[in-house]
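There are 2 protein chains.
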Amino acid sequence: MTTAPPSSSLPPPATPPVDTQEGIALAAPRSFAHATGFVYDARMMMHATLADDGHPEQPQRIARIFEMLQRHGCIDRMVRIPAREALRHEVESVHQPQLWDRFESIVKLPVDQLKAYSNDLEISSSLYLNMHSTYCARLACGSVMDMCSAVAAGRVRNGIAIVRPPGHHAEPDSGTGFCLYNNVAVAVQHLLDRPPGAADRVQRVLILDWDVHHGNGTQRAFWNDPRVLYVSLHRYENGTFYPGTHYGHYDQVGGPQALGTSVNVPWPCAGMNDADYLHAFQRCIMPIAYEFSPDLVIISAGFDAAVGDILGGCLVSPTGYAHMTHQLASLARGKLVVALEGGYTLDAIASSALAVTQTLLGDPLPPWPTGLSCSMAGADTVARVVRAQAPYWACMRQSLDYPPAPKEAGVATWATDELYLDARAARLWANHQMMPLPAVGDALLRNQALCTPSTMMPGTQTLLVFVHDMGTWHIGDPDDPQQPALFLADAADDMIQWAHTRGFACLDLCTTQSVSVRMLRNGERDKALPRPDAKPVKTTLEAQALYIWDHVCALSPAQQIVFLGFGSGCDALMHIIANRVVQDRVKAVVQVMGLQPIPLVPKQRQELKAWYLEHSLVLCPCDHPLYTWNEQQASGKRLGRVQRALESNPMQVLLRAKDALDTLLGAPTAPPTATPAPPAPVVTSAS
Amino acid sequence: MTTAPPSSSLPPPATPPVDTQEGIALAAPRSFAHATGFVYDARMMMHATLADDGHPEQPQRIARIFEMLQRHGCIDRMVRIPAREALRHEVESVHQPQLWDRFESIVKLPVDQLKAYSNDLEISSSLYLNMHSTYCARLACGSVMDMCSAVAAGRVRNGIAIVRPPGHHAEPDSGTGFCLYNNVAVAVQHLLDRPPGAADRVQRVLILDWDVHHGNGTQRAFWNDPRVLYVSLHRYENGTFYPGTHYGHYDQVGGPQALGTSVNVPWPCAGMNDADYLHAFQRCIMPIAYEFSPDLVIISAGFDAAVGDILGGCLVSPTGYAHMTHQLASLARGKLVVALEGGYTLDAIASSALAVTQTLLGDPLPPWPTGLSCSMAGADTVARVVRAQAPYWACMRQSLDYPPAPKEAGVATWATDELYLDARAARLWANHQMMPLPAVGDALLRNQALCTPSTMMPGTQTLLVFVHDMGTWHIGDPDDPQQPALFLADAADDMIQWAHTRGFACLDLCTTQSVSVRMLRNGERDKALPRPDAKPVKTTLEAQALYIWDHVCALSPAQQIVFLGFGSGCDALMHIIANRVVQDRVKAVVQVMGLQPIPLVPKQRQELKAWYLEHSLVLCPCDHPLYTWNEQQASGKRLGRVQRALESNPMQVLLRAKDALDTLLGAPTAPPTATPAPPAPVVTSAS
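Chains P and S supply the protein sequences, listed in that same order.
For what it's worth, the UniProt record's numbering labels the leading residue of the first sequence as 1, then goes sequentially.
For what it's worth, the UniProt record's numbering labels the leading residue of the second sequence as 1, then goes sequentially.
Hints may be right or wrong, so weigh each one.
A pair holds if it fits inside one copy or across any two, identical chains being indistinguishable in the list.
[What the hints assert, rightly or not] Below, a list of computed lysine to any residue pairs in the SDA-like style, where the Cα atoms sit at most 20 angstroms apart: (1) 658 - 410; (2) 609 - 223; (3) 658 - 412; (4) 658 - 426; (5) 587 - 502; (6) 603 - 125; (7) 587 - 615; (8) 108 - 247; (9) 609 - 101; (10) 609 - 665; (11) 609 - 664; (12) 108 - 49.
Note that these hints are calculated values from the structure, not bench results.
Please model the complete structure; the sequences and the hints are all you need to start from.
Shown next as structure tokens:
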């Protein structure tokens, strides 16, 4: 994106432009510098679906918000900023010219054709159009632009732009997800492009997008621009929630020139509440925002995470929105613009917008409810964001539990994961005389392969091939004085012990493909090193898995082989299954999932598929994404026999693999143990 | 403390009381509910020192603040709340009756006697008095009470009490540190004691004390009261900074009925700046405050951490104070009272108070400066606070880097420290055939003792006894792709290797007396378990040290023994020196300090002291508290030969012990190495 040409050189725009400066000067003279501005214009209700299908992005959305503000006396205390259409060259500072032309030609089609086209568009791009759509989109965009300009220049203190259609899904080359043009992105680009000395010129902008969907368009527009910090909290769910790509994951941190200026808080499920949002704000968003120190803050304010929203499924209350607004108001001398994005339940968006507006006006915040606490999913997500952003923000490194690395060289160091593997090797040698096998692949991504001596001994009946992630680091339960501050919980040794009691030989491949590796990979800046992606980790583990198959399993005298996968080990075992002939010897495959997607049934050959369906079982934690939100999304996929465990902790589920293996092998039932057997899990889906 | 009796049953007070409710009703009728209140009364300047010594707690403090607020138009925008004297029974809700009587009798002494008494008092208790002191103290206390009542009842939105003498050092049974009565504590107790249904009754109060000194009096008043969350940020410096006790340390978390309701952020040195304070607010204070959810917030606002304060030595700017105020204003519906405590440089306190008042009035915050970052000392302190408070606050557990412990039982766990010791034992066995010695003492506090076979072999010349803390956990340097997320840095193996090259036998005693143990200890709630203190850890290590002396060193054929202590190992070695006869065999003692106090030269016997001074050397990191603030505080102590290293990282200093040991032993200089020798450290103090 380059600086827009001076307007004198532009062709006359299609609609009569309103001079930005004057338009505002009329509504908000100098004396309004402490006031809160608003834009509302009923003309933006003209954009509506021709299909008469009760589309959630309905015209009444903005009217209802306006009425609520009026009823509570807010409008009387605010300064109106007139709506105005964005000009073509302004829109094109973010979007490609073809997009403007395409939309303009569509909306001029005869109604029947337009209706048909819009139907197609809605299916392909979640976007509807009528004859007024581009006019409304220009109004929405221009209004956000003028509001941002007024706040940036100090003509009003802060403001809210009650506009539609929304903008944050609109990418430079396409309008999608109810969005034609990216209102906020165009407004920000405009202010960044203002000439030096202009009153409304800005140098650094924070866009905080609390719409329940990831603002892919806004992130794309400023992906590689270090002047714009884009922060989004949204449902992600392994990339299955709209817009349905990996682009909103916490490891998406910005382009090579702007690492750390995309901050994604990707909720793994529905139901996130005020405490989850507050935790994200306190733990990472506000510290990063302070370190970035913007001179303008824009909230891409979808209210579809609000309690009661028909699409969002989250639980943010007006109180939550007010507190987030208050925190953001501490930045940029309080220069804060709220621009409406999504939000589809009229009562919910109106009461949310009211709370935000009252906060803009300086009213006392509603009190924070007692007894509300952040969910496990929320805390875990935020912790991952902190680690992903730590390479780029000093505040994220400082707020980690342990001090940053000292600068001085010369002191030897050991990584936690390395210590764990060393200690585990010593332990398994002492307990089971397990011996190391050679490691292959990238030395940085440490795998550890160990096997019992019986693996290669004649007479061995059964060989368990156990490929698994290392356990999880936890902080101790404060009510349990036996627990230390930080510890690793891992059921892998228990599985080895179980195999020992069954008389199985055991080949154990443990991978430290954990947080530390991910952070390390993110930490590699794009200097001399090529930018890595998640590929090498997987490839290394798959290569190691093939190696142990070829060099150990294939040579083992064991009569039957049993596969047990855990976490990323599941994919590694599927890699063996897909690339080697295993059906003759492998009698059982049990895959224990963490929160990652379930591997698909191999479909290269029909008989391989049939074999897999007969001999395999997938165990899922009870809160696996398969079950949390949209159950039908997962159905119809070819996942094999999937069982939902009663437990949410994957380590607990791993312990259930004992029974599953016994079942598949037709072995005698487990010997009586001290603890009673758990209730049988429920089979939920089968291909 | 019990509810105060209804005032009708009280004896008539000594001074004519002003009815609290009416007094305010006059000044602030209902229409002031959105206004900011202030108390200022020049009569409080009558408290002054008789000694004419330019005492820093000078009358002009409050006048200068008032003038600054007036000059900037704040006073015109505020509502005045009249000053009034606190009544005896009100003061006695916090203080013992003897205190009131004692002060009243002193101030009625003839001037000469009063002057002499005041001089004595200033030496013993840092408190001066004149004939007006109790009158002013009653005014200050009553004014803070009325301001808090007005805000609690919603008669004004928030307010500032510009009062003196200050109060936060005054404990229930004594006035100290420029404080007679504890203004804030009395005000809070009064509101807590109000009858149900009273407009100004409160249930939970947050007192945020940002005075640079710990508010020992306030903490004491509510130590065991779960209704009051007392949070203090202050210089601590191993308990040497005023008030000079352990009571302001981060492990002081409240009494058994109120664990977690004292939150201390004890800065280890001077020079803390806005970013350090912001980090503490974001990382622990605001999350805890939200979880506590007070219905009134009071800032014990000393401004002696301000840039330029003659006593404080810190660097908090008006911007910093404004931002902290804004954050606190999000709590309790914005019911926020600012009560002046310390602060001794007139310009600094006036501009700080102005920034705070403008924030109370809702003015935009000054922009946060770019490029300001939290210090290593600040980040480390806050991390310790987080861990100390984690047992009592869900938000602190959730914001740790690793997820909380899963509730389900049955999954095996390994503590990081345990893993480290296991891995280390395996490594030192592989490299040096070091073997384990029995451990003694508390099994929870794991020590690991290892020795080389040569320890007990005839012909061994020298035995190195190395007692040390385990290394430090760090997060990786993001610019170094070789570093993982979390790792341990430890120079202990390097010392073992060095001893090996010197031909020394080696006895290594490593202790995990680390953060995890401390947190564990704090985590033991006062239910069935007795409340632990720091004693057991030290005792265990000392017992283990004596054991290895008696059972190994005393029996070793080695001709000379060398002691090397690191961290808490220093005290353990001193315990051997003090309790066994070691002078004949121990030829050198090198103590490498972290940030803990330097052990004192043993003085039980004169010849022991002489021996120690001749054969020992203490190495300190360059930022050891001995050097950071008050150099003369350390002088005159009997610390032996202390060398200040060039490095701040204790692990780096440990590596310097090699040269120190060579020097003490008169050994040949170190063989040439790849790195040039560092400049000789400077001897700074000798007993």
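Comparing the hints with the structure gives:
no.: 1; hint: 658 - 410; in the structure: between (47 angstroms within a copy, 14 angstroms between copies)
no.: 2; hint: 609 - 223; in the structure: neither (42 angstroms within a copy, 67 angstroms between copies)
no.: 3; hint: 658 - 412; in the structure: between (41 angstroms within a copy, 16 angstroms between copies)
no.: 4; hint: 658 - 426; in the structure: neither (25 angstroms within a copy, 31 angstroms between copies)
no.: 5; hint: 587 - 502; in the structure: within (15 angstroms within a copy, 58 angstroms between copies)
no.: 6; hint: 603 - 125; in the structure: neither (30 angstroms within a copy, 84 angstroms between copies)
no.: 7; hint: 587 - 615; in the structure: within (6 angstroms within a copy, 71 angstroms between copies)
no.: 8; hint: 108 - 247; in the structure: neither (34 angstroms within a copy, 76 angstroms between copies)
no.: 9; hint: 609 - 101; in the structure: neither (49 angstroms within a copy, 92 angstroms between copies)
no.: 10; hint: 609 - 665; in the structure: within (19 angstroms within a copy, 75 angstroms between copies)
no.: 11; hint: 609 - 664; in the structure: within (16 angstroms within a copy, 75 angstroms between copies)
no.: 12; hint: 108 - 49; in the structure: within (15 angstroms within a copy, 86 angstroms between copies)
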